[in-house]
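Protein chains in written order, with my numbering: chain A, 1247 to 1710; chain B, 1247 to 1710.
Quick caveat, the hints were computed from the structure, so don't treat them as lab data.
Be a bit skeptical, because a hint or two may be false.
Treat identical chains as interchangeable: a pair holds within one or across any two.
Below, in silico cross-link-like pairs of lysine-lysine (DSSO-like), each with a Cα-Cα straight-line distance of 30 Å or less [as the list claims (entries may be wrong)]:
no.: 1; residue 1: Lys-1379; residue 2: Lys-1422
no.: 2; residue 1: Lys-1379; residue 2: Lys-1629
no.: 3; residue 1: Lys-1325; residue 2: Lys-1379
no.: 4; residue 1: Lys-1443; residue 2: Lys-1285
no.: 5; residue 1: Lys-1591; residue 2: Lys-1443
no.: 6; residue 1: Lys-1379; residue 2: Lys-1278
no.: 7; residue 1: Lys-1278; residue 2: Lys-1422
no.: 8; residue 1: Lys-1476; residue 2: Lys-1278
no.: 9; residue 1: Lys-1591; residue 2: Lys-1657
no.: 10; residue 1: Lys-1325; residue 2: Lys-1536
no.: 11; residue 1: Lys-1644; residue 2: Lys-1476
no.: 12; residue 1: Lys-1678; residue 2: Lys-1379
Below, each chain spelled out in residue letters.
2 protein chains.
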Amino acid sequence: MVTDLLPAKNGEEYTMQFLLEVVDILTNYVRKTFDRSTKVLDFHHPHQLLEGMEGFSLELCDQPESLEQILVDCRDTLKYGVRTGHPRFFNQLSSGLDIIGLAGEWLTSTANTNMFTYEIAPVFVLMEQLTLKKMREIIGWPNGEGDGIFSPGGAISNMYSVMVARYKHYPEVKIKGMTAAPRLVLFTSEHSHYSIKKASAVLGFGTENLILLRTDESTSDFYCACYLVKWFCCVSAVQGFVPVFVNATAGSTVYGAFDPINEIADICEKYSMWLHVDGAWGGGLLMSRKHRHKLNGIERANSVTWNPHKMMGVPLQCSAILVREKGLLQGCNSMCAGYLFQPDKQYDVTYDTGDKAIQCGRHVDIFKFWLMWKSKGTIGFEKHIDRCLELSEYLYHKIKNREGYEMVAPKIKAMMMECGTTMVGYQPQGDKVNFFRMVISNPAVTRSDIDFLIDEIERLGQDL
Amino acid sequence: MVTDLLPAKNGEEYTMQFLLEVVDILTNYVRKTFDRSTKVLDFHHPHQLLEGMEGFSLELCDQPESLEQILVDCRDTLKYGVRTGHPRFFNQLSSGLDIIGLAGEWLTSTANTNMFTYEIAPVFVLMEQLTLKKMREIIGWPNGEGDGIFSPGGAISNMYSVMVARYKHYPEVKIKGMTAAPRLVLFTSEHSHYSIKKASAVLGFGTENLILLRTDESTSDFYCACYLVKWFCCVSAVQGFVPVFVNATAGSTVYGAFDPINEIADICEKYSMWLHVDGAWGGGLLMSRKHRHKLNGIERANSVTWNPHKMMGVPLQCSAILVREKGLLQGCNSMCAGYLFQPDKQYDVTYDTGDKAIQCGRHVDIFKFWLMWKSKGTIGFEKHIDRCLELSEYLYHKIKNREGYEMVAPKIKAMMMECGTTMVGYQPQGDKVNFFRMVISNPAVTRSDIDFLIDEIERLGQDL
Ligand SMILES: Cc1ncc(COP(=O)(O)O)c(C=O)c1O
Ligand SMILES: Cc1ncc(COP(=O)(O)O)c(C=O)c1O
C-alpha cells in the first residue's frame, strides 16, 4: 500500500489512480443528484455523526489512513451531506449544480493559484477584469467604466461598499481612524440583509448608527423613499450627525422584494449620500430584458453587490462588488506591500489587483463564472432567469387558492428534514409567525418539482 | 451538438462525458506539473493575452460556445497559467499540489454547499469543529478549549483578531462605534504582514494608530520586546491613548523570522493587552517536535492565525483564526438573522457557525485539509515540515560561500519569467535593494531543484 503521496515515480501513477477513483465517486454523486428518486438529505443529529457512523469517523489521528479508507471517507462525506443540486432542494439562495461551473471549479483547484498579481494568475486576472467590465456595462455605467473585485461573498461585498463610501467622503479615516470623522449615519431597510448591519459593527460605525427604515407592504415598492427623507432630515438636524450611505436592496433575502432605486437615487443625489445597491440575490435579473426593469435606476448607484453564486447558479463562492468611480478601491485599501507589488516588474503592473482588496491571498472565483458565461452566452443566463421567475409565478398561483396553506409550522420543517425528500427554509419575520421561504434558482427545477413540494408540505402537515 | 446543459436525459449523459473530458485535461496537467522538463510558466504580456491567442479569446459573448470550444478554453487557460505545483516554483508562500488535497477540493465543489448552518453542511461543520479543536490542542490551550473559524485567508484571520480584541476590551464599540472608545493603539513589528495595517484601516482604528516597532537583526530574536515596552510607556503616557493589541509574527513574510512570543506575552499580560500571534506562515512548525520551539509561548496568545494553505501545502484557501476565550467571536459578530439561525430548529443549533463570522455564505475550506490530515496523519505533516526546513538549511549553506550571489536584480527576475524554467519572488525591504525571496513549502521540491535554481539565477545573471 503506497501511502507516501510525494510525487515519486510509482507514487505518481498511484495517486493519479486514486484521483480517478474519486472522480468516479463524484460523477456518481452528480448523477444521483439529478435523480428525483434519491433523497435530498439523509438527516442525522450532530451527536450521531460525532459518535461515528459505521466505518466513518471524523476524528483526526497521528498515523496515516490508507487510500482505501480515504475513498470511503469521501463517499461517506457525500452520503451524510445535503444534495444542494437536487431539483427538490429549495432551502437556500444558492442551489443547483451546473456541470460547466463544476468543471470550472475543478480546474480552478487544479491550477491552485492566487489572484493578487498578474504574475501568478495572468489568465484569471484578465478574465476577472473583462467580466467585471461586462457586468458594469450591463448595470449601465457608460462604457462599462469603473472598478470592482470579486470577494468571498455578498456580505464582504456589502462591507466593501460601506468602506469605499467612507473613503470617498472621509479619506482621512484610513489614517486617523473613525475619530477623525463626525458621527456617520447609514440607512437601509428593515428587510435588507443583515450583512449591512455587520458591516456597520465591523467597520467601527456602530450598529446604532445604522437606521433601519420601515417598509411599506401596501405598495409594490417595498421600501418607502419617503421614510428615507424623513429620517435624513431628523438625523442631519442633530449636531454632529452626518448621513453618508444608503443601501437599496434589489431582491431582498426573504421576500425577493425590490426597493425603488430611482426614488432613492434622487434623494441620495440631492443630499450627497453614497448609494449602494445590494443585488446579491436580484442582480441576476439584469441579464433579463423582461425583468431588469425591477432594477431601474441601478446605473445611478455608486456601488453594486451582485452574486453570480445565487440566482445565476454559479457554484459557491462568486460575488462581485462593482464601483462606479475608479481608483476608490485602490485608494481605500492600498498599503503598498513591497514583496508583492513591485513597481519595477517587467509587465504592466496595473493588472495586479491585490492592493485593491482587504484580502492578501484571494481565491480564484472568476473562472467557473467566465466558463459558464462562455458556454451559455448572455442569452443562456437570460433564459435561466426568465425560467426561474416563471416558475415562481407558477408556484404563487398554485398555492394562492389552495386550502390549508396557512398552517406553516416548524414541525413540518423538522419532519421534512427527517424524510429528506425535499428541503425548504423557514423563518419568522417581524411580527409574522414562521413561514416557508421558497427559493427558485436551480436550473434543474421543473413545474413537477414545485407540485411535489406543495403536496409534500401538505402531506407532512396532515400527519401532525 | 448539445449545448443545452439542463440535466435532460440525453443532456445528462452528454455533460457527464464533458466532465470526464475535463478530468482528462486536468490529470494531464497534474502529471506535467510534476515533470521537471516542463516549464513553470509560458509568459505573455497582458496585451498579448487580451488580444487573444490562437483559438483562445477571453471575450464574453451573447451566444453560447460549443462544448468543444469550452474544452479548448480549459486547456488554454491552463496553458497560459502558472504551474504553482511545479517543483521549481518558489515564488509564493502557497505552492505544491497535493493530490489528496486536490481530490478534497473537487469533492467540495461537487457538494457545493455553504458553512453557515449544520442544516446544509452537517458533515463539514463537524469536521471544522473537530479540526479547530485539534489545532487548539496543538497550540497548547488546555483541552483544546476555545473558539475559532476558517476564514478566506490570513489577512481576514488577522482582521478577526483585531476585531475580537476590540470587542473584549470595548464591547460597546459594536453598537456605538469607535467614537465610544478612547483612542486605541495597536503594535506590530515593521516586518509583520501588511494585513495588520489593512485591518487597522478597515476597522476604523486608523493606520497612524498602529505602531510599527523596529526590529533588531543582530539578535536571533527578530522583534525586540524592549521596543514594545518603550513604546507602550510613551503611548500610554499620552492622555486618551490606550494600547490594546499586540501582534507577534511567527514566520515573517519575507525573512521567515519568529518574534519572541514569551517575552512579548510577559508585557501583554502585565499591561492587559491582547496578544495575537500571526502564524499564517510559521504556524505549520507547530506540527514538528523538532521546530515548534520557535513558537514557544504561543499558548499564552489570545488569538492565533494559522494558514494550512501555506507551509502545510493545503490547496488555497485554508486559513484559521483561533481564539482562546470562547464566546467572543459570537459576541462580536452575531446579528441574530432570523432567516438562517432559527432557535426552534429540531437539532442542536449551537453547531450553526454563521453568526460567528463576518461573512454570511462561507466556502467549505475544511474538507481538503481534513482529508489530507486523515491521509498523512499528524506525523505526515511533521515529516513535511521537517523536510522543508532541512531543504532551506541546504539552500542557505549552498549559497553562503558561493561567489556572485549578491548581484540580485529585477532584470534576472524578468528573464526568469521569460524563460519560465523556475519562479522565485523578489522585493526590496527597508533600505535594502531588491533581493530574491526563496520559499520552500512544496513537498515535490528536492535538493536537485534547489541546485537548479541556484545555477539558473547565476546563468541568467551572466547573460546580463
Ligand atoms: C440581499 C442579500 N445580500 C447579501 C447577502 C450575503 O451574501 P453571501 O451569502 O454571499 O455573503 C445575501 C445572502 O443571502 C442576500 O440575500
Ligand atoms: C505572516 C503573514 N500573515 C498573513 C498573511 C496573509 O495571508 P493570506 O494570503 O492567506 O491572506 C501572509 C501572507 O503572505 C503572511 O505571510
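Outcome of the hint check:
1. Proximity of Lys-1379 to Lys-1422 under the C-alpha cut-off of 30 Å is found in neither arrangement, the shortest distances being 33 Å within a copy and 38 Å between copies.
2. In this homomeric assembly, Lys-1379 and Lys-1629 come within 30 Å of each other (Cα to Cα) only inside a single copy, at 22 Å, whereas the closest approach across copies is 46 Å.
3. In this assembly of identical chains, Lys-1325 and Lys-1379 lie within 30 Å of each other by CA distance solely across copies; the values are 24 Å between and 40 Å within a copy.
4. In this assembly of identical chains, Lys-1443 and Lys-1285 lie within 30 Å of each other by CA distance neither inside one copy nor across copies; the values are 36 Å within and 48 Å between.
5. Taking identical chains as interchangeable, the C-alpha atoms of Lys-1591 and Lys-1443 lie at most 30 Å apart only when they sit on different chains, with a minimum of 24 Å there against 41 Å within one chain.
6. Taking the shortest Cα distances, Lys-1379 and Lys-1278 never come within 30 Å of each other, neither inside one copy (37 Å) nor across copies (34 Å).
7. Within a single copy, Lys-1278 and Lys-1422 get their C-alpha atoms no closer than 56 Å, and across copies no closer than 51 Å, so neither meets the 30 Å cut-off.
8. For a Cα distance limit of 30 Å, the shortest separation of Lys-1476 from Lys-1278 qualifies neither inside one copy, at 54 Å, nor across copies, at 65 Å.
9. Proximity of Lys-1591 to Lys-1657 under the C-alpha cut-off of 30 Å is restricted to the inter-copy arrangement: shortest distance 9 Å between copies versus 62 Å within a copy.
10. In this assembly of identical chains, the alpha carbons of Lys-1325 and Lys-1536 never lie at most 30 Å apart, being 40 Å within a copy and 39 Å across copies at closest.
11. Taking identical chains as interchangeable, the C-alpha atoms of Lys-1644 and Lys-1476 are never at most 30 Å apart, the minima being 40 Å within one chain and 73 Å between chains.
12. In this assembly of identical chains, Lys-1678 and Lys-1379 lie within 30 Å of each other by CA distance neither inside one copy nor across copies; the values are 41 Å within and 39 Å between.
Checked against the numbered hints listed earlier, the structure breaks hints 1, 4, 6, 7, 8, 10, 11, 12; every other hint is satisfied.
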